[in-house]
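A.B. asks: So the chains spell out like this:
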Amino acid sequence: MGNYMGKSMKRVEDPRFIQGRGRYVANLTMPGMVHVAVKRSPHAHAQINSIDTAAAAALPGVLAVYTGQHLLDGGAGSLPCGFTPPGTKTPPHHPLAVDKVRHVGDGVAVVVAEDAYIAHDALDLIEVNYTPLSAVVDAKATMAEGAPLVHDDVPQNLSFHWPLGDKDAANQAVADADHVVEMELLNQRLIPNAMEPRACAAQWDAFMETMTVWTTSQNPHTIRLLLGAFTLGIPEHKLRVISPDVGGGFGSKIFHYPEEVIVPWVARAVNRPAKWVATRSESFMTDAHGRDHVTHAKLALKKDGTITGLYVTTWANMGAYLSTFAPLIPTALYITLLSGLYKIPAIYGETYGTMTNTVPVDAYRGAGRPEASYVLERLLDIAAQEMKMDPVALRRKNLIPADEFPYQTPVALQYDSGNYPALFDKIEHLADYNGLRQEQEKARKDGRLVGVGFSSCIEASGPAPSAVAVGLGAAIGLYESGVIRVHPTGKVTVLTGSHSHGQGHETTFAQIVADELGVPMEDVEIIHGDTERTPYGVGTYGSRSAAIGGSALVKSAEKIRYKLKVLAAHLLEAAPDDMVYDQVSGKVHVKGAPDRAKAFGELAFALTTADNLPPGMEAGLEETSFYDPANFTFPNSAHIAQVEIDRDTGEVTIQKYMAVDDVGKVINPLIVEGQIVGGIAQGVGQALWEYGVYDENGQLLTGTMMDYAMPRADGFPTIKVDRNETPSPHNPLGVKGAGEMGTIAGTTTIVSAVMDALAPLGIKHIDMPLTAERIYGAMATAVASNGGGD
Amino acid sequence: MKINGSHPFAAPQDVIWPMLLDPHILANVMPGCETLEQVAEHEYQGLLKIKVGPVQGNFNGTVVLSDIQAPEGYTIAVDGKGAPGFVKGHGRLRLEPHGDNTILHYEGDAQVGGRLASVGQRLLDSSANAIIRQSLEGLEAQVAGRMNGGDAMAVAATAPPPPSQTEFALGVAKHMVEEMLAEENQEDLIRKALIAGGILLALYLLVEWFAGRIAAKTARRIRK
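Protein sequences appear in the order of chains A and B.
Residue numbers for the first sequence, in the working numbering: 1 to 790.
Residue numbers for the second sequence, in the working numbering: 1 to 224.
In short, the hints are calculated from the structure, not lab data.
It is possible that some hints are incorrect.
Unchecked claim - Straight-line alpha carbon distances no greater than 16 Å define the calculated EDC-like cross-link-like pairs of lysine to aspartate or glutamate that follow: (1) B/K49 x A/D124; (2) A/K656 x A/E439; (3) A/K555 x A/E622; (4) A/K764 x A/D166; (5) B/K88 x B/D125; (6) B/K2 x A/D403; (7) A/K10 x A/D577; (8) B/K88 x A/D152; (9) A/K100 x A/E182; (10) B/K88 x B/E72; (11) A/K591 x A/D577; (12) B/K88 x A/D695; (13) A/K140 x A/D124; (14) A/K238 x A/E532; (15) B/K2 x A/E622.
Every value quoted in this text rests on a predicted model; they were computed, and no experiment measured them.
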């Protein structure tokens, strides 16, 4: 069926991007536009005594300087948190700090000026008198007695405690186990670094009393909802939010940020269009960061390697304020994934969400699931090492059998589909796993440090059944909208609530709709990212767009096909049930008589002239659907890598990387491969290089690209990818999420490989990132204490 | 950031001690120090121009001396802030007689914040040490002047201006090389460092020259 689905099509949006014709917020200019710059705190934690803005206000070209108090008095509300399990302490988060600053980069004042340079110059003229306070930065240490309080009304700096699973059963399993692996793991803080820094612009129409906000968001409708109901106080029908082309998000552009309140507030206050564009330094110190977990974990096993239980306690750093979805990540997207691909009879997980004097932490590509996979896969690797078993064989022993789907885990989720043994077969074959092990043995004899890494992982993607999401503490349902609007000539405009900021929706969604209706792809235009053009939608994150946004379009297409069949039956004087919709040609014909047909364009036009419609049929051809999924989708993967470590420097070289992923049905293999490979690179970045570091005073030490090491192409071999396709049974496309698999697996696979290479030296674990310096240090210590093991 | 070290002076303790309390002398020997004025007993206020890597700007600050044990030493607290961030530090200076000479020991701890920390952090240790070293070398020149019979104030008045950016950068490089040498002390390394330094200097001069030419060209074009 269809002309486009399953085909590798080049992305239709790319010509405009690679020719520099993308339309980003920063490109926007409007007559009379003013520029906004934010004065930020150099202190991690300090009382604000006074702010002297006189000199800044006096600078020629400066229109106004506003402080947090101005915004507060002017009705700007506290930024809300959209996921708060019962008992969560949600301290206020003012767009500009009012009494205290709580992290380096916390905004204290804004300058509004005729150009951006004047605005930035004026920042240096603002005098803020602070009384510095002691700061706390560590997720676990922040709960210690006597630690400074980030918010006076959050005792122990503990925002929430979230337990899941059977604690007694997990404890019992550990007590009864033949073998227990117990370890403390750090999942370091990451800084997202989307290529396009955040930006926001706004225009107030004083006559219509309407506000238009342009923002670099992954979910403009959510931002409009929050602006309307909480922070800006302009009702939604007077508020339009547009996310035009957005240059990457990786989660960091989901959230409602202070500048999205400040810029429209300023635009209204000075009655001129206003714009703010983040500098790269501001990105580092104000974009929501990712990960930052301290975890204590115990894995219980029988002598033969059968897993009997898992007990995990995690301290998750929430930063100085609860970002929009922050508590969701280390809870419902983390503990629920601790079962992995394995049958684990007893699991208990609990998370302490703690406040610190650091930038808020929220979803970052993978969001909770990479952290879960890392804990489980590290435990399994160490178990295999300690029990002298092959790590793949140990995992195989515990896999959920293919005939046990749907599989109910002990941590809430029900896996819908999968064939994990087949997945393992495929990756072992693709990577020639036995060959790699033989190669390694030979290399080790030559004194070389060669490692083979393996990891398998599962993801709950496509959030989420709304009833489940709201039941867990989400403030909104997580369905998606899709409109198909057929014009009189048969051309098609598609409006989706999803948002594309690198995913290629303009291509894949056009493939879906073209095939559903049997029209050429060129006749289909995808519109997204504008609350005034598209119906209310939830946006793009959690690998949800194809599974939920795509399914909404399928449902709308079904309604269109039905209407056209009834119409064609009327025009051809046949019964509707006797009509066949040919999805290749777009023609509707009488069953058994392909000549008695009406073309798609003919029918669309008939609905425009509307002079000869069946009784009761309305004119026009436009259908809207809101698709709410029955479950998450559960993409899964198995990756293998080979690395070698330079004994003299500790430098890791990735020699081979192979990946097999099950992302269900694939709409566009080229795009999926790009997502997987890009995701792997991002995951490897965490394993080897990236680390967002705060010193003990809360100063961000990695505030530039010189200090924060991003992955680069020269660090990678050609990545070999393959697929193991098991369609999702509950969405009409059979698709599963493809956006985050690579990131989840990339991290664990490379850590597994590096630790495997170092195993002969007696090194069991090094916390990420596995930089040359850390590896060299561990090797030196190992050699000093045991002569190097081998 | 921890700072510590010592520096010998070819003068007795009673010559060095008053100089360590004289704001005019201190202002003169410290690179980038524009002003340093006494505002109360043992309290000084000053303006320091700092450039650390890409971060530069003026710092306004106060220096408070306490626990003064003439002529042995004092505790010093520095509190400065400016557009690039803030510096907060405390430390102890101690003089130790050594025959006719005196050794100055110093140790301290400094905290920085803002752009200085997030952007300039990698260069901070080297820069701080270079500032201290150049200050001490400046002080040494003053001491030599005084030992040769000159009036310290007169020497101060004729003291060379604070080092230019290039001189400061070279000072940082010198300090780094010396630190490497202290650790490794290999002739080979010295040679390599000298060669590397030479190449860097040549490159720097070349770039300066080009930049100058481009600037001149641009200026000409603008005039046209």
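A.B. asks: Determine which of the earlier numbered hints do not hold for this structure and return their numbers in increasing order.
C.D. replies: 4, 6, 7, 8, 9, 10, 13, 15
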